[in-house]
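A.B. asks: Sequences and hints are given; from them, build the entire structure.
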Amino acid sequence: MAAVESSSFLHLARPLAPSSFNFQNNLAPLTVNIQPQAILSILDHAIRRDTPATPTTSSRVIGALIGSRSEDGSDVSVVSSFAIPHTENEDQVEVDVEYQKNMLSLHLKANPREALLGWYTTSPELNSFSALIQNFFASPETGTFPHPAVHLTVSTEPGADVQLRAYISSPVAVNAERAAESCLFIQVPHKLAYNDAERSALDLISSAKDNETRVAPVSSDVDSLANSLENTIGLLDRVSEFVSAIIDEEQEPNNALGQYLMGALALAPKVDPVQIEADFNNHVQDVLMPAPCHGCTFQ
Amino acid sequence: MADSIKEVPLKTVQVEALVVMKIVKHCSASFPTTATGSIVGMDQDGTLEITNSFPFPTADVANVEGSHQNDASSLAAAAPRAKANIAYQNEMIRHLKEVNVDANNVGWYTSATMGNFVNLGFIENQYHYQRENDKTVALVHDVSRSSQGALSLRAFKLTPNFMTAYKEGKFTTESLQKSKLSFRDIFVELTVNLHNSHLLTSFLHQIPAKPTTGDVAMPTSLADLQNNPMQMPLHPSADTLELSIDPFLEKTCDLLLDSIESHYTELNNYQYYQRQLAREQTKITAWQTKRKAENAARVAAKQQPLPEDEWQRIFKLPQEPSRLEGMLNAKQVEQYSKQVDGFTACVSAKMFAVRGNLLPE
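Protein chains in written order, with UniProt numbering: chain H, 1 to 299; chain X, 1 to 361.
Don't read these hints as lab results, they were simulated from the structure. Please note that a few of the clues may not be correct.
[Stated by the list, open to error] Straight line, CA to CA, 30 Å or less: simulated BS3-like cross-link-like pairs of lysine-lysine:
{"no.": "1", "chain 1": "X", "residue 1": "LYS97", "chain 2": "X", "residue 2": "LYS135"}
{"no.": "2", "chain 1": "X", "residue 1": "LYS251", "chain 2": "X", "residue 2": "LYS135"}
{"no.": "3", "chain 1": "X", "residue 1": "LYS251", "chain 2": "X", "residue 2": "LYS167"}
{"no.": "4", "chain 1": "X", "residue 1": "LYS11", "chain 2": "H", "residue 2": "LYS209"}
{"no.": "5", "chain 1": "X", "residue 1": "LYS251", "chain 2": "H", "residue 2": "LYS101"}
{"no.": "6", "chain 1": "X", "residue 1": "LYS331", "chain 2": "X", "residue 2": "LYS167"}
{"no.": "7", "chain 1": "X", "residue 1": "LYS292", "chain 2": "X", "residue 2": "LYS302"}
{"no.": "8", "chain 1": "H", "residue 1": "LYS209", "chain 2": "X", "residue 2": "LYS97"}
{"no.": "9", "chain 1": "X", "residue 1": "LYS97", "chain 2": "H", "residue 2": "LYS109"}
{"no.": "10", "chain 1": "X", "residue 1": "LYS350", "chain 2": "H", "residue 2": "LYS270"}
{"no.": "11", "chain 1": "X", "residue 1": "LYS135", "chain 2": "H", "residue 2": "LYS209"}
{"no.": "12", "chain 1": "H", "residue 1": "LYS101", "chain 2": "X", "residue 2": "LYS11"}
[What the hints assert, rightly or not] Reference listing, derived: stretches of chain H covered by chain X, where coverage requires no fewer than 3 residues with Cβ under 8 Å from a Cβ of chain X:
{"no.": "13", "segment": "85 to 92"}
{"no.": "14", "segment": "118 to 126"}
{"no.": "15", "segment": "183 to 189"}
{"no.": "16", "segment": "200 to 212"}
{"no.": "17", "segment": "241 to 247"}
Glycine included, every Cβ here is placed at the ideal spot set by N, Cα and C.
C.D. replies: Here it is in structure tokens:
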């Protein structure tokens, strides 16, 4: 499992929603692992929002986060998400609760092991509507209670970086009437996590990122091998350039890097050339043995 | 207008990054059980744009008595044409439409292991989709192959010739000879391209990329380097340089042998049929000569001759076994052989690299 970490994070004891007496409150720091397909789906939703923004539609969109929790609830992985239609203007917000309920049950039918985790929005700001929606998602009847609901904000301003922030909340209110629309958001750390199977997909996806058309063909194994080899040779060239620059006294030498490179070079095995030649021939013969079957079966 | 759109045949399939991730996640999560799901999108000038996908619900196999993995796989493989799933699919598409997702079903996806997807179930599913809408495709994601190298995602469609033949359900030697249908004409493979949105492109530039040029602060000690390992860029990855792909080659060869074996079973079945047919035919000829002789005797005796076509009632010709199974098998063998070709190309390149490294020139 590889992960792209956000910067280091200071954990404070987090306030929690009042829970029943039997439930053991867990005070361990909460981490949110976000899988790439959840983000991709949020970004896709952000593109598909109703445009142009009319007074009844807002520029942000919201949706639900689906995923799994570790047993003690301190580790949350967001696996996927779905969009929820909502309308928002200056003084009121409307979320299609019926839609959310139906979509959640449809989703859980296909992925019975996943659960509702919280919600996302595509604007970085938190306002009283956010609190209202957050309380809806954290409530015992419709939400994630007794676990805290996770709120993920994804900024989708054109021309700026996409920024992710994860929050949980605890109730806070000046008086009883306003309890529904207030809550205290506390930021929690998050990281992007992906596993080996997704890596090859991400490889393909990022191969298109420097392309003006944003399109990349699905390449064959040999093509991608050639690509990787070229890349590796390029990296080796850079290192040897760096080393020769130091030898020619054009650049300041660096002890740490030198030590590191020595360590890396020492890993090369010492082998008998005759032995290697024999092993190589044996193996290549093994490998090439089944190859002609393609030719003889169909030509 | 509608007609002019129809005339453009599908040439390429353009898959949104979101769909790739969703399919990969679903398929690898349920591996080694087969995973299937539905894809939505729209076609435009011969390009099928696939913009979203969702998995089919898996039947609850845990409750079925004596179930094991194969049952789950076969259930999942049959999912695209199950009644309950068609309802599920329609419901899901209706919901997706409300949030501005393209609400046209354009086919389905399935997972595969080492390219073993060519079977009757696959054909039936694709036929089920293509019967209603010609512009539907089957996306095949090969989980095992993707784990050792580049992502394997392919798009297939049944040929019109095969569609008509399958509709009639006739796969006898005679009909195959007439329509010149061979195993090569079952599918057309469409090129698959990946497409990113602007927003995603901007996001991708944020996660680790190639080191940018410019001055980099030099590390002060070895510990610095070891504590902050360099984040490798996602593309091009060094994982494809992995040397241990022999198990994959071995597995493919195993599967290839299996396929050849089932080809022999098919062949035996057919030979059995031919022997049976020959035996029946000799019997019929014998009967006919006997009847002719009888009739000649009766004519000589001035009696009414007996009818000569009664053999059709007395003898029953054996049914010719369907050749479809054999055709699919041939296709599967071809698929495996191509795979072996690809593997050996990769492995031998890597082998030479290793030798070049270890042997001083």
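A.B. asks: Now tell me, hint by hint, if it's right for this structure.
C.D. replies: Here's how the hints hold up against the structure:
1. X:LYS97 <-> X:LYS135: Holds, because 20 Å separates the two Cα atoms, which is no more than 30 Å.
2. X:LYS251 <-> X:LYS135: violated, 34 Å
3. X:LYS251 <-> X:LYS167: violated, 35 Å
4. X:LYS11 <-> H:LYS209: Roughly 24 Å between the alpha carbons, so the hint for X:LYS11 and H:LYS209 holds.
5. X:LYS251 <-> H:LYS101: Between X:LYS251 and H:LYS101 the Cα gap is close to 45 Å, so the pair fails against 30 Å, i.e. violated.
6. X:LYS331 <-> X:LYS167: holds, 20 Å
7. X:LYS292 <-> X:LYS302: holds, 15 Å
8. H:LYS209 <-> X:LYS97: holds, 29 Å
9. X:LYS97 <-> H:LYS109: Holds, because 19 Å separates the two Cα atoms, which is no more than 30 Å.
10. X:LYS350 <-> H:LYS270: holds, 19 Å
11. X:LYS135 <-> H:LYS209: holds, 29 Å
12. H:LYS101 <-> X:LYS11: violated, 39 Å
13. 85 to 92: violated (count 1)
14. 118 to 126: Result for this restraint: violated, n = 0.
15. 183 to 189: violated (count 0)
16. 200 to 212: holds (count 10)
17. 241 to 247: violated (count 0)
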